[in-house]
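Protein chains: 2
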Amino acid sequence: MSRGGAITLSDLSREQVSEWLQSFDTVLCDGDGTIWQDDTAIEGAVEVVNALQQRLGKRVYLITNNGLKTRQELFERSRRLGFQLPSEQHIISPTTAIVDYLGQRTEFDKARHQVYVVGNAAIARELKAHGIDSYGAGEPDELAPGEKWQDFAAREFGNPEAVKDVAAVVVGWDEYFSYCKMARACNILCSNPSSAFLVTNRDAVHKYPAFCIPGTAAFVSGIEACSEREALEMGKPNPLVLEPLIKSGALRPERTLMIGDCLKIDVGFASNCGMLSLLVGTGRYSNLSAVLQEKEKLPQPDVYLPRLGDLLTHL
Amino acid sequence: MSRGGAITLSDLSREQVSEWLQSFDTVLCDGDGTIWQDDTAIEGAVEVVNALQQRLGKRVYLITNNGLKTRQELFERSRRLGFQLPSEQHIISPTTAIVDYLGQRTEFDKARHQVYVVGNAAIARELKAHGIDSYGAGEPDELAPGEKWQDFAAREFGNPEAVKDVAAVVVGWDEYFSYCKMARACNILCSNPSSAFLVTNRDAVHKYPAFCIPGTAAFVSGIEACSEREALEMGKPNPLVLEPLIKSGALRPERTLMIGDCLKIDVGFASNCGMLSLLVGTGRYSNLSAVLQEKEKLPQPDVYLPRLGDLLTHL
Numbered sequence: 001m002s003r004g005g006a007i008t009l010s011d012l013s014r015e016q017v018s019e020w021l022q023s024f025d026t027v028l029c030d031g032d033g034t035i036w037q038d039d040t041a042i043e044g045a046v047e048v049v050n051a052l053q054q055r056l057g058k059r060v061y062l063i064t065n066n067g068l069k070t071r072q073e074l075f076e077r078s079r080r081l082g083f084q085l086p087s088e089q090h091i092i093s094p095t096t097a098i099v100d101y102l103g104q105r106t107e108f109d110k111a112r113h114q115v116y117v118v119g120n121a122a123i124a125r126e127l128k129a130h131g132i133d134s135y136g137a138g139e140p141d142e143l144a145p146g147e148k149w150q151d152f153a154a155r156e157f158g159n160p161e162a163v164k165d166v167a168a169v170v171v172g173w174d175e176y177f178s179y180c181k182m183a184r185a186c187n188i189l190c191s192n193p194s195s196a197f198l199v200t201n202r203d204a205v206h207k208y209p210a211f212c213i214p215g216t217a218a219f220v221s222g223i224e225a226c227s228e229r230e231a232l233e234m235g236k237p238n239p240l241v242l243e244p245l246i247k248s249g250a251l252r253p254e255r256t257l258m259i260g261d262c263l264k265i266d267v268g269f270a271s272n273c274g275m276l277s278l279l280v281g282t283g284r285y286s287n288l289s290a291v292l293q294e295k296e297k298l299p300q301p302d303v304y305l306p307r308l309g310d311l312l313t314h315l
Numbered sequence: 001m002s003r004g005g006a007i008t009l010s011d012l013s014r015e016q017v018s019e020w021l022q023s024f025d026t027v028l029c030d031g032d033g034t035i036w037q038d039d040t041a042i043e044g045a046v047e048v049v050n051a052l053q054q055r056l057g058k059r060v061y062l063i064t065n066n067g068l069k070t071r072q073e074l075f076e077r078s079r080r081l082g083f084q085l086p087s088e089q090h091i092i093s094p095t096t097a098i099v100d101y102l103g104q105r106t107e108f109d110k111a112r113h114q115v116y117v118v119g120n121a122a123i124a125r126e127l128k129a130h131g132i133d134s135y136g137a138g139e140p141d142e143l144a145p146g147e148k149w150q151d152f153a154a155r156e157f158g159n160p161e162a163v164k165d166v167a168a169v170v171v172g173w174d175e176y177f178s179y180c181k182m183a184r185a186c187n188i189l190c191s192n193p194s195s196a197f198l199v200t201n202r203d204a205v206h207k208y209p210a211f212c213i214p215g216t217a218a219f220v221s222g223i224e225a226c227s228e229r230e231a232l233e234m235g236k237p238n239p240l241v242l243e244p245l246i247k248s249g250a251l252r253p254e255r256t257l258m259i260g261d262c263l264k265i266d267v268g269f270a271s272n273c274g275m276l277s278l279l280v281g282t283g284r285y286s287n288l289s290a291v292l293q294e295k296e297k298l299p300q301p302d303v304y305l306p307r308l309g310d311l312l313t314h315l
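Sequence order for the protein chains is A and B.
According to full-length UniProt numbering, the first sequence is numbered sequentially starting from 1.
According to full-length UniProt numbering, the second sequence is numbered sequentially starting from 1.
Just chain A, same shape as in the assembly:
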């Protein structure tokens, strides 16, 4: 089976499917749109994930760009919905990748440094669970009534020494994103070039049938523009997030299947890491012709399946 060929699984013979199933021993599974939608499992996904583990002996990991929950919280949700992941270690998420990344920086000193978060409270919870102090997460931060930005700037930026202990600016999805937050991030990144600049993911827009709302990449584009620095992506499709598993020998990309619902993020991630890919149609790509329309612009999956649950009959 050729890579990136976008073959529908139902077009394969029994022998070909069997051969394909034997070509990987590790499975990375995306969350939203692939195995669940928020707090509801997608029909058949629980059975397939559990069968891949228990019947076929595959090692299954959940890999998500969701930075709104900690690893522990994602693990609890997966158990609650019926997914039998063996442990929290089988959740790969941006909040975990951020903690891992900071922990590996030799100059990072938990006793002295703190992290400024433009994002939600889960990032602070994950950092705190690993002994890292942060500020800003989950809080509104805007000009007080009648306050001018000049007052804000004088109050906030009057002491250049204050940013020396800020070891990183972390950006995630933030319903309270504001000029004040952007200005603070810009000031830290410009005044302290040794600070890290991390972003949970680069999903720029979330498209619902009735409307579009800005995703995390929209905030980070603004902060990148004003700080004249580039953020490091702590989620798919950046291969960086798999480094710990690859280094420990727990994962071999050439023997790994990535399952997801997004060409750019999930199939792009498989392509960047040298993994097999399976695109499911329970997200944006509800039919194969929509996938093929993107052929020129976006990476193509090896295999396409309308729903992950459809795999059950082949297991």
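These aren't lab readings, by the way, just hints derived from the structure by calculation.
Take these hints with a grain of salt, some might be off.
The list treats identical chains as one, so a pair stands whether inside a single copy or across any two.
[To be verified] Quick list of in silico lysine to any residue cross-link-like pairs, SDA-like style, CA-CA up to 25 Å:
| id | residue 1 | residue 2 |
| --- | --- | --- |
| 1 | Lys148 | Tyr208 |
| 2 | Lys148 | Gly138 |
| 3 | Lys164 | Tyr135 |
| 4 | Lys207 | Glu228 |
| 5 | Lys148 | Tyr135 |
| 6 | Lys207 | Leu232 |
| 7 | Lys164 | Lys207 |
| 8 | Lys164 | Ser248 |
| 9 | Lys264 | Pro306 |
| 10 | Lys247 | Ala51 |
Given chain A's structure and the hints, the job is docking chain B onto it.
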């Protein structure tokens, strides 16, 4: 004298200066950092600007990327500081360019359409002075305490018809920039592809000695990312802002000198329009060696002068 050669005026002979002065009959002058700093004229600038007009007979225009004041307000400031510009028509500013641009769109109907402004109140004042309705300018717009973005989204975006009459999203510098504003702009631009998307300027960061704060391009980068559309720049260095003057025959680029303090914006503008350029050192480039360091990356001026006032002895 070769174009883009960055020659200091004091290195030229009397004849060469005289020849240079005769090579243009129109002068475009930047505001902040060139002839004034906020509400204070830079030493010698008033005398030079007035002498260029009255003694040498040049037509002088003030061209600024300042979207925080209307044309009328900028004209009043120039008069108050002593600059003898003949009329308001000699002010070229983003707010004027926006009004001109909208007025030229055949599908734009003042009676029916309105404009959504992420920016300050001056944009609304300029639009109103030309009979154009707008909303959003100069106002804070954030989540109410305890309100979730889902509530905001349902309330704001529940009626797709509501954006049909929004003919343009205009973005300027906004100390109240927020997630709600970005989401509203994103929703309009995505739901109504015929809406215009205009930005006063693309200054990404304002650098003060003690700190850096985000400029307009930081907001627009975020909105461009989530709307997957590109904004049209209504300020320097986009040649579009000179179109009305060129079309009317009032300005011939090859006979025009652009004076400014910024390589990227002012000298870049001169270069984009085919005009002569004079860089002054009263902004970021306080010496010629700083200019020459940027030689690889940024356009170079024809002539460099530490202060515009230094020109007086040559007039």
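(message) Cα distance capped at 25 Å. Does Lys164 pair with Tyr135 within a copy, between copies, both, or neither?
(response) within (15 Å within a copy, 41 Å between copies)
(request) Pop the pair Lys207 and Leu232 into one bin, within, between, both or neither, using alpha-carbon distances up to 25 Å. (result) both (24 Å within a copy, 24 Å between copies)
(request) Classify it for me, Lys207 with Glu228: is the Cα-Cα distance of at most 25 Å met within a copy, between copies, both or neither? (result) between (28 Å within a copy, 12 Å between copies)
(message) Reference check for the pair Lys164 and Ser248, CA-CA at most 25 Å: within, between, both, or neither?
(response) neither (34 Å within a copy, 55 Å between copies)
(message) With identical chains, the pair Lys264 and Pro306 could be close in the same copy or across copies; at 25 Å between alpha carbons, which is it: within, between, both, or neither?
(response) Within one copy only: 18 Å inside, 50 Å across.
(request) Could you place Lys247 and Ala51 in one of the four classes (within, between, both, neither) given a Cα distance threshold of 25 Å? (result) Neither. Shortest intra-copy (27 Å) and inter-copy (71 Å) distances fail the 25 Å Cα cut-off.
(message) At most 25 Å between alpha carbons: which applies to Lys148 and Gly138, within, between, both or neither?
(response) both (23 Å within a copy, 12 Å between copies)
(request) If the cutoff is 25 Å on CA atoms, where do Lys148 and Tyr208 land: within, between, both or neither? Let me know, please. (result) between (36 Å within a copy, 17 Å between copies)
(request) Indicate which option fits the pair Lys148, Tyr135 if close means a Cα-Cα distance not exceeding 25 Å: within, between, both or neither. (result) both (23 Å within a copy, 21 Å between copies)
(message) My question is about Lys164 and Lys207: at a cut-off of 25 Å on alpha-carbon distance, are they close within one copy, between copies, both, or neither?
(response) between (39 Å within a copy, 19 Å between copies)
Of the numbered hints listed earlier, those contradicted by the structure are 8 and 10.
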